[in-house]
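Protein chains: 2
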Amino acid sequence: MRSMMCMDEVLSLRSRYVISAIHEDDAIVKSMEKSGKTVVKLNLGDPAVYFQTPQYIVNAFTKALQQGMTHYSDPVGLSRLRHAVSERQRRLYRLDSDIDDIIITQGVSEAIMLTNSILVNPRDSGVLFRPYYPQYLPSLEFCMGKGILGDYDEESGWSADIEGLRKRLRAGKRMKYLIVNNPNNPTGSVMERSLLREIAELAKDYGLVLISDEIYDEIVYNGAHFTSISEVAKGIPYIILNGASKVFSATGFRIGFAIVPGSDSVSLSIKSRLRAMSTLRLSASTPAEYAVAEGILNEHEHEISVSRMTTEIARRINNASRLINESEYMHTVLPRGAFYLFPKLDMKRLKFENDREFEQKLLKEEAVHITRGSGFGIADHIRIVALAPEYVMASAIDRINRFCRKHSKR
Amino acid sequence: MRSMMCMDEVLSLRSRYVISAIHEDDAIVKSMEKSGKTVVKLNLGDPAVYFQTPQYIVNAFTKALQQGMTHYSDPVGLSRLRHAVSERQRRLYRLDSDIDDIIITQGVSEAIMLTNSILVNPRDSGVLFRPYYPQYLPSLEFCMGKGILGDYDEESGWSADIEGLRKRLRAGKRMKYLIVNNPNNPTGSVMERSLLREIAELAKDYGLVLISDEIYDEIVYNGAHFTSISEVAKGIPYIILNGASKVFSATGFRIGFAIVPGSDSVSLSIKSRLRAMSTLRLSASTPAEYAVAEGILNEHEHEISVSRMTTEIARRINNASRLINESEYMHTVLPRGAFYLFPKLDMKRLKFENDREFEQKLLKEEAVHITRGSGFGIADHIRIVALAPEYVMASAIDRINRFCRKHSKR
Chain A
1 MRSMMCMDEV
11 LSLRSRYVIS
21 AIHEDDAIVK
31 SMEKSGKTVV
41 KLNLGDPAVY
51 FQTPQYIVNA
61 FTKALQQGMT
71 HYSDPVGLSR
81 LRHAVSERQR
91 RLYRLDSDID
101 DIIITQGVSE
111 AIMLTNSILV
121 NPRDSGVLFR
131 PYYPQYLPSL
141 EFCMGKGILG
151 DYDEESGWSA
161 DIEGLRKRLR
171 AGKRMKYLIV
181 NNPNNPTGSV
191 MERSLLREIA
201 ELAKDYGLVL
211 ISDEIYDEIV
221 YNGAHFTSIS
231 EVAKGIPYII
241 LNGASKVFSA
251 TGFRIGFAIV
261 PGSDSVSLSI
271 KSRLRAMSTL
281 RLSASTPAEY
291 AVAEGILNEH
301 EHEISVSRMT
311 TEIARRINNA
321 SRLINESEYM
331 HTVLPRGAFY
341 LFPKLDMKRL
351 KFENDREFEQ
361 KLLKEEAVHI
371 TRGSGFGIAD
381 HIRIVALAPE
391 YVMASAIDRI
401 NRFCRKHSKR
Chain B
1 MRSMMCMDEV
11 LSLRSRYVIS
21 AIHEDDAIVK
31 SMEKSGKTVV
41 KLNLGDPAVY
51 FQTPQYIVNA
61 FTKALQQGMT
71 HYSDPVGLSR
81 LRHAVSERQR
91 RLYRLDSDID
101 DIIITQGVSE
111 AIMLTNSILV
121 NPRDSGVLFR
131 PYYPQYLPSL
141 EFCMGKGILG
151 DYDEESGWSA
161 DIEGLRKRLR
171 AGKRMKYLIV
181 NNPNNPTGSV
191 MERSLLREIA
201 ELAKDYGLVL
211 ISDEIYDEIV
221 YNGAHFTSIS
231 EVAKGIPYII
241 LNGASKVFSA
251 TGFRIGFAIV
261 PGSDSVSLSI
271 KSRLRAMSTL
281 RLSASTPAEY
291 AVAEGILNEH
301 EHEISVSRMT
311 TEIARRINNA
321 SRLINESEYM
331 HTVLPRGAFY
341 LFPKLDMKRL
351 KFENDREFEQ
361 KLLKEEAVHI
371 TRGSGFGIAD
381 HIRIVALAPE
391 YVMASAIDRI
401 NRFCRKHSKR
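Listed in order, the protein sequences are those of chains A and B.
Each residue of the first sequence is one higher than the one before, counting from 1 in the working numbering.
Each residue of the second sequence is one higher than the one before, counting from 1 in the working numbering.
In isolation and in its complexed conformation, chain A is listed as follows:
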């Protein structure tokens, strides 16, 4: 009998490494705010803070609530929404899918967790490129899997280094999937069709399920053209992740989609297990599902909202990029999608041990909250969310420059 418990005995191993880098300094922010400070938060990619969720979507949500749509929905999602998602993928990417190919999740984060949970046994591997979205690796490790890391190459505008990755895959580990995020968080890169083809080829060669997180698909600019994985992945099993958070500026709705269009035996098994697994958490938010269905189906309203938002995001990103590239202490590749900047810090000129120290001191000294690049797997970088209005971004970048000068080696 144990009458006393020690903490290390009680907690699981997995609980020790699981935290999102984006939120790890929230406690510092809260205590600063408690003492009256205003913190400029450039850490969280939340468009709904700056771009109102379109009124027609809010109205559809309200209508569903007032009509009593407050019960559980089908664990795999409302059929009306699954129909809408299927139609959306057909319209945008000529994908032929069925509502049975689609599972509605509580945000893409749940879709990532569910996907890992049905694929990954202890000691299996998932393949991902760094910098990666900070949830990918913890969700894989949560299922006791390990990451095999390829690289996006900054010199070539954050293009994926396929040959470099191929060499690492020869090790013969139990590899389950390859995940890409396109348009990319944090780099803002948008993959060329030819590159996506190579990635699909790689997945085929190694028998990997290909997962494409396309949550920013309609937020592209600066001449980029987005290609969905469904346009190039022929004859291999793949999963598309998407949702309402970014393109519909509705992060707080918590609605994501997992789409598995294949009819090969692997795709069928994945669908079947995602369906089974989804019963464990009963359903997504029912009235939010009605709202997002309307968000998709009212193409006219959506087109107006998303193009207005994307134009404005492009303006903010381009301005902020220019200001950053005028700095002596950092440099960024110009993004072509999503709403993040991922500048490299000139650490030789700065008196910091690492980007973690940079993040925490910047927060404490200048009340600017960004996220360390090492949280995305790449040292000596920072991620800046560039959604705030121009004057906020300009002032924040000023403060970062002042901070760098103060901690400069010269």
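Read the hints as simulated data drawn from the structure, not as lab findings.
Mixed in with the good hints, there may be bad ones.
Calculated lysine to aspartate or glutamate pairs in the EDC-like style (CA-CA distance at most 20 Å, straight line) [what the hints assert, rightly or not]:
{"no.": "1", "chain 1": "A", "residue 1": "K30", "chain 2": "B", "residue 2": "D100"}
{"no.": "2", "chain 1": "A", "residue 1": "K34", "chain 2": "B", "residue 2": "D98"}
{"no.": "3", "chain 1": "B", "residue 1": "K34", "chain 2": "A", "residue 2": "D100"}
{"no.": "4", "chain 1": "A", "residue 1": "K146", "chain 2": "B", "residue 2": "E9"}
{"no.": "5", "chain 1": "B", "residue 1": "K34", "chain 2": "A", "residue 2": "D98"}
{"no.": "6", "chain 1": "A", "residue 1": "K34", "chain 2": "B", "residue 2": "D100"}
{"no.": "7", "chain 1": "B", "residue 1": "K344", "chain 2": "B", "residue 2": "D398"}
{"no.": "8", "chain 1": "B", "residue 1": "K348", "chain 2": "B", "residue 2": "E328"}
{"no.": "9", "chain 1": "B", "residue 1": "K344", "chain 2": "B", "residue 2": "E326"}
{"no.": "10", "chain 1": "B", "residue 1": "K204", "chain 2": "A", "residue 2": "E9"}
{"no.": "11", "chain 1": "A", "residue 1": "K234", "chain 2": "A", "residue 2": "E201"}
{"no.": "12", "chain 1": "A", "residue 1": "K30", "chain 2": "B", "residue 2": "E9"}
{"no.": "13", "chain 1": "A", "residue 1": "K204", "chain 2": "A", "residue 2": "E231"}
{"no.": "14", "chain 1": "B", "residue 1": "K30", "chain 2": "A", "residue 2": "E365"}
{"no.": "15", "chain 1": "A", "residue 1": "K37", "chain 2": "A", "residue 2": "E365"}
{"no.": "16", "chain 1": "A", "residue 1": "K204", "chain 2": "B", "residue 2": "E9"}
{"no.": "17", "chain 1": "B", "residue 1": "K30", "chain 2": "A", "residue 2": "E231"}
{"no.": "18", "chain 1": "B", "residue 1": "K146", "chain 2": "A", "residue 2": "E9"}
Negatives, chain B to chain A, calculated, CB over 10 Å [stated by the list, open to error]:
{"no.": "19", "residue": "D46"}
{"no.": "20", "residue": "N298"}
{"no.": "21", "residue": "D398"}
Beta carbons are placed, not taken as given, at the ideal position from N, Cα and C, and that holds for glycine.
Based on the hints, put chain B in the right spot on chain A.
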């Protein structure tokens, strides 16, 4: 290199056993409905289908939406809602808690999954009584843990058999927690305070974290008095799970609470790891959090709604219990909380292999969908959700009786 994948290679082991018994026959229901049949669904405990979510809560939800509360909230939940939950527990159970003791989750199901994930390593055990809520065991197994099963004893009105369980705990396995669900799904039992004290004592003796799922706490009747675990668990770490789904008739909102009031080192670690883990899925539904905060804080409106609903549930439960106990083929203990009936089938008189066959044939032949008892860990029983109006329940029980007569051995 693998150019072909076989299904067993691709899927994780955990994905094979994870499905909720409540939903496992959904595909049959869908195909019956497609062919024009009306299915009486008594499988899902969803009060919002029968009892409208109170209008004042729906209005608060609408207001939050119209005011633009559609962004992410804090991963641990909106402070307004955590304040409200803290006040609620103080008012109902004199629990002294702080907002830092509370995490808002996407339904209690997410709270169960998070709790398992921070506590359970592979080969660790969780202790639960059967019949158990069908999500408890898969969530534990999902984290590669094993269940140690105690029993609720039907003969004594589904009271927990503490001495029986104590014998099983002597085996010396790595035991992490003991979970109880009070009021109970599926039995409808409400634990006496003295019994809860014994359970707290047991948890203390074996160094187990005590988890109490109190989602039905305000839905008690037939003279029952509900005791929260916080009223008896002194000096041991414990977690209370609760949420908006049942008491506020708002299942489709997906809002749950995990409350960890202790200030001992184990409770502090649990809180800290729940907070960290919560960052991985960003947040719960923000406008729903505002709605549930109002649901709790407007005590007057809540009191009216919950007492009206509970009175009606008691009437439906008592009527359905009477009808079931008039049957020659089944018998139920009279519930005192929640809204389920868990009758024992007289299998000696029936030509069925098991309750799984009973469930599927009843669905196909009489279009009545109930859940097999074995899904809750107890053979030869069925769970009936008794939320539907009297005439629906009466007709369904008639059909079950007709079905039993048809498949009777005599």
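Quiz item: Do the alpha carbons of B:K204 and A:E9 lie within 20 Å of each other, as the hint requires?
Solution: holds (15 Å)
Quiz item: Holds or violated: B:K34 with A:D98, Cα cutoff 20 Å?
Solution: holds (16 Å)
Quiz item: Is the Cα-Cα distance between B:K344 and B:D398 20 Å or less?
Solution: holds (17 Å)
Practice problem: Below or equal to 20 Å on CA atoms is what counts here, so check A:K204 against A:E231. | Solution: holds (15 Å)
Quiz item: Is the Cα-Cα distance between A:K234 and A:E201 20 Å or less?
Solution: Within the cut-off at roughly 9 Å; holds.
Quiz item: Is the straight-line distance between the alpha-carbon of B:K30 and that of A:E231 20 Å or less?
Solution: Violated, at about 31 Å.
Quiz item: Against chain A, does B:N298 keep a CB gap of more than 10 Å to every residue?
Solution: B:N298 is indeed farther than 10 Å from all Cβ atoms of chain A, at 17 Å.
Quiz item: Do the alpha carbons of A:K204 and B:E9 lie within 20 Å of each other, as the hint requires?
Solution: Holds, because 15 Å separates the two Cα atoms, which is no more than 20 Å.
Exercise. Assess, step by step, whether the Cα of B:K146 is no farther than 20 Å from the Cα of A:E9, and give holds or violated.
Key: holds (17 Å)
Quiz item: A:K30 and B:D100: Cα distance at most 20 Å?
Solution: holds (12 Å)
Quiz item: Within a Cα-Cα threshold of 20 Å, do A:K37 and A:E365 meet the stated pairing?
Solution: holds (11 Å)
Exercise. For the pair we were handed, A:K34 and B:D98, check the Cα-Cα distance against 20 Å.
Key: Holds - the C-alpha atoms of B:D98 and A:K34 are around 16 Å apart, at most 20 Å.
Hints 12, 14, 17 and 19, counting from the list given before, are not met by this structure.
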